[in-house]
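S.K.: For reference, the chains in residue letters:
4 protein chains.
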Amino acid sequence: MKVLIPEEGWKKKAFTIIYRADTPAGKLFDISLLVAILLSTLLVIWESLPLLNIKYREFFFYSEAILAFFFTIEYYLRVISIRNKKAYVLSTFGIIDLLSIFSFFVSLLFPQIHFLIALRLLRLLRIFRILRLIPYMEETIYILKALQNSYRKILVFLLFVFIISVIIGSLMFIIEDGSDGFGSIPQSIYWAVVTITTVGYGDVAPSTSGGKFLAMILMLCGYGIIAVPTGIMVRETTRIRRSIKLCKRCGNNDNDGDARYCKRCGDKLITED
Amino acid sequence: MKVLIPEEGWKKKAFTIIYRADTPAGKLFDISLLVAILLSTLLVIWESLPLLNIKYREFFFYSEAILAFFFTIEYYLRVISIRNKKAYVLSTFGIIDLLSIFSFFVSLLFPQIHFLIALRLLRLLRIFRILRLIPYMEETIYILKALQNSYRKILVFLLFVFIISVIIGSLMFIIEDGSDGFGSIPQSIYWAVVTITTVGYGDVAPSTSGGKFLAMILMLCGYGIIAVPTGIMVRETTRIRRSIKLCKRCGNNDNDGDARYCKRCGDKLITED
Amino acid sequence: MKVLIPEEGWKKKAFTIIYRADTPAGKLFDISLLVAILLSTLLVIWESLPLLNIKYREFFFYSEAILAFFFTIEYYLRVISIRNKKAYVLSTFGIIDLLSIFSFFVSLLFPQIHFLIALRLLRLLRIFRILRLIPYMEETIYILKALQNSYRKILVFLLFVFIISVIIGSLMFIIEDGSDGFGSIPQSIYWAVVTITTVGYGDVAPSTSGGKFLAMILMLCGYGIIAVPTGIMVRETTRIRRSIKLCKRCGNNDNDGDARYCKRCGDKLITED
Amino acid sequence: MKVLIPEEGWKKKAFTIIYRADTPAGKLFDISLLVAILLSTLLVIWESLPLLNIKYREFFFYSEAILAFFFTIEYYLRVISIRNKKAYVLSTFGIIDLLSIFSFFVSLLFPQIHFLIALRLLRLLRIFRILRLIPYMEETIYILKALQNSYRKILVFLLFVFIISVIIGSLMFIIEDGSDGFGSIPQSIYWAVVTITTVGYGDVAPSTSGGKFLAMILMLCGYGIIAVPTGIMVRETTRIRRSIKLCKRCGNNDNDGDARYCKRCGDKLITED
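Residue numbers (the numbering used here), protein chains in the order written: chain A, 1 to 273; chain B, 1 to 273; chain C, 1 to 273; chain D, 1 to 273.
No lab work stands behind these hints, which were simulated from the structure alone.
A few of these clues could be false.
Copies of the same chain look alike in the list, so a pair counts if it works inside one copy or between any two.
Straight-line C-alpha distance at most 25 Å; calculated SDA-like pairs for lysine to any residue [unchecked claim]:
1) Lys55 x Gly210
2) Lys145 x Val156
3) Lys12 x Leu109
4) Lys145 x Leu158
5) Lys145 x Ile217
6) Lys11 x Glu74
7) Lys86 x Phe105
8) Lys85 x Ile96
9) Lys55 x Ser184
10) Lys27 x Val156
11) Lys13 x Leu90
12) Lys55 x Ile174
13) Lys27 x Leu159
14) Lys27 x Phe93
15) Lys55 x Thr208
16) Lys86 x Ile54
17) Lys145 x Ile174
18) Lys145 x Ile96
Being a predicted model, the structure only gives us computed values, none of them experimental.
Okay, chain A solo, but in the shape it has when bound:
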């Protein structure tokens, strides 16, 4: 992080305020940012309410314009005050920042593109950046780390679940033979996913005996394999803590991976890995 700090005076100050939270100014900035994000979210939500939208149309527009102005300045300062500009712009949070500002200005030009509203809500994810700065919130990082380590395995698992849904769904399409809600394979796959994930809306449910039997198998299956992502997660979670170090002096091999001194004899540990 140190190499990212700009040398010049005011840029360095801006950097400290924006990217850190250990000064009063930095904390104030974070809190006002949090408020702005929540306000902007509430505006999008309120705007979606038919009654409010008609009544306060102008109020909504100007409030959003003010917030967009604030976020644009913030983005500009973020880019200007950091040394490695490219790294920030291309980072996940950098893209989220840009997209959520961008969406407002585009919606000025093309107000009919409703899709842009959702982009603006991406801003909500930025809450986690602010949380990360609060010292006591180290848990956030821990969760993100565990997710980061295991998301690939969980994705493969979800692919597996989806493929089973496709196969059972199409079987169901044949068994139920076009009865309500099973009119095509895509609809049957939708039903299978609703069932295997134990969501179970009930908007589509089997009506024949054979269909109910297959549904029971699928439910039990979904109920049984929910253990798989948990198994993966627990393994990753415990792995973070565990990367054990051996003490050369007393032979104790139960030192934590982050230990610098042997917990049995107090000797300094040498990292080799």
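Following the hints, position chains B, C and D against chain A.
M.R.: Only chains B, C and D this time, still in chain A's reference frame:
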């Protein structure tokens, strides 16, 4: 706990009966308290049944008055017999005790405030205080301890789940474009939470192909990340057993329970517990 | 088990056939018992189908009489061939055996008591006794053991979930104020349990904004705390394996609880506990 | 695997392309196979859409014929290029390959057998074979391994869940006494499975007080025991890492991977793997 015991005779006796369960009188007190709590809960529930309410209105009123009297005396004795009165009054259980008594007397003055009924049911949580006193029920403490250690992380996780629900919910609002149950973003967020938590009432369900596709992604997502709180919980659960040691010199509180030297600074650890 | 074997000739033979599965006769007995249990279950299920019941009433009656005769003889032999008769009769399986036979004979006298049908299905649980005898099915015992160790903690947890359901349910009763499905507190508690366990039938669903908001909190709550029983279970599961032994010679303290020799130096381990 | 490679020139080349992914030709083959599988799946799905089916009937037929031709050649090459032909033909993937080709040709003769469509989708499972070849996708194998180790225990658990569903389901049949959706025991079992797995369609829901009470017990039960498969899974998952050693002398196969002496008989362990 010892410093809390009052010196005087009858107060000390009351203290032993109320706060402990190792004497016959203490056990009897706990059982009668349990019965009173359950009776008071049943009264609130019965009162809500339209038929019973009209028929036994008077019976309900007098029963509740008697129970309220009993709980008031109990509260008075609890306060009087303990030394550190402030600690009790401001403790979670102390507040629950006061609120549940308070709610009855306020409902006498303002019988139209139905909200007070729910306050009276808070009393049910006191069952756990009684369970805690029964020696074989040490499991309760264990569960509470595990929850206490991990609730912050689980809260951050649930915040994450909720933010995803807000984003996917508003996307759904755009895709379903005001179809039944997706009339506004708050309603769509409600649907998203119902879906991601795998509850799936089915009172709101997507009707368009795009909506069903997004719903499938959200379901699989909810099904996959349910592993996260489990991972957190398992980690906390196993950590309790490990019992961590604090280093007096460098303040590192992540030493294992069996460590003799601090793993960060190598200083000898002193066990006190 | 040895002390339970009777001395006399034919009783000993009957004991080996009934209580063991390591002889061909014993295996044959187990398989025919399994078939009889499944047949008896199918009969109860078929009988419940309105169409079949009218058509094959007599067939059902005689088939059940034959099976009841078979199970009665089996029960008699079980009692007669074991030494410690009382232990068997009062064991869980002994009571299940008796109840399921009993239910048939009572239903002859009082055919209108439908409740007895369910008793007959208790027999299904006996499948696990047979599974237990098959050598490769040691997993069954393992699962039962893990459940046995943790069921108390899980019960306390479920009590906690239920109490939360009672409190939130009655709050919901007040918020929804008697709208469809929330007509009384018991009905609202039913809804709360349906929601917190993530079942979500949708037969009862909140209709007001406040109700939907509370429902979302309850869902997230249920989604978050599902990790608690898992945490308990994982802890119990790993505890079965883990009860580590220390080697006095080399100081290796990572030997399994069932080890007799140190895995590092090969020295004999002395158990003290 | 080495012994499976054929000696001759072109067969060896075909083997490398088909069974391996470390040459450019092998990678190209895998990608085109993946595309063919996805295309074939999309065709089956599109065909099920009533509108598309009528319009593009001929296009669908010829596309499928081309794909079937491709898969037939692939199957032929797989068989011809491997040495141990029997092992491949009888392997899980060998049977899936044959069945999915077979289903197309049979559907030419008997177009009315809709069941064959589902067979063709089995091909989707082959995606995992391709994924397995991609070096970075080692996770797939890991998940399959963990599932393989624990599926038997999970099956016993699901059998247990199903038996509970049968017993509670028939109890519910008696309590609800033929009310809507509980007309027979099989229907009530269907409801019980829907409930205990926390799917909760809501197409069948209890209407009497007794039924609702029993339903609540079943829900809490399902919510509590979902921890069991997780416990099993976590145990298996962590066991894979530990890698167990077999003792040549006493046959004890429960020694830890890092053990040097058998923990049962104290004999020195020889590592071979």
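S.K.: Run every hint past the structure and note whether it holds.
M.R.: Hint-by-hint comparison with the structure:
1. Lys55 x Gly210: Between copies only: 23 Å across, 54 Å inside.
2. Lys145 x Val156: both (18 Å within a copy, 14 Å between copies)
3. Lys12 x Leu109: Neither way: Lys12 and Leu109 sit 36 Å apart in one copy and 62 Å across, limit 25 Å.
4. Lys145 x Leu158: Classified as both; 20 Å inside a copy, 16 Å across copies.
5. Lys145 x Ile217: between (35 Å within a copy, 22 Å between copies)
6. Lys11 x Glu74: Classified as within; 13 Å inside a copy, 63 Å across copies.
7. Lys86 x Phe105: within (23 Å within a copy, 57 Å between copies)
8. Lys85 x Ile96: within (15 Å within a copy, 52 Å between copies)
9. Lys55 x Ser184: between (43 Å within a copy, 15 Å between copies)
10. Lys27 x Val156: The answer is between: 20 Å across copies meets 25 Å, while 40 Å in one copy does not.
11. Lys13 x Leu90: For Lys13 and Leu90, the Cα distance is within 25 Å only inside one copy (23 Å; across copies 44 Å).
12. Lys55 x Ile174: For Lys55 and Ile174, the Cα distance is within 25 Å only across copies (21 Å; inside one copy 51 Å).
13. Lys27 x Leu159: For Lys27 and Leu159, only the inter-copy Cα distance (21 Å) is at most 25 Å; the intra-copy one is 42 Å.
14. Lys27 x Phe93: Classified as within; 19 Å inside a copy, 35 Å across copies.
15. Lys55 x Thr208: Between copies only: 22 Å across, 51 Å inside.
16. Lys86 x Ile54: neither (42 Å within a copy, 53 Å between copies)
17. Lys145 x Ile174: neither (44 Å within a copy, 32 Å between copies)
18. Lys145 x Ile96: Cα proximity of Lys145 and Ile96: one copy only (19 Å, versus 38 Å across).
Hint compliance for this structure: hints 3, 16, 17 are broken, all remaining hints hold.
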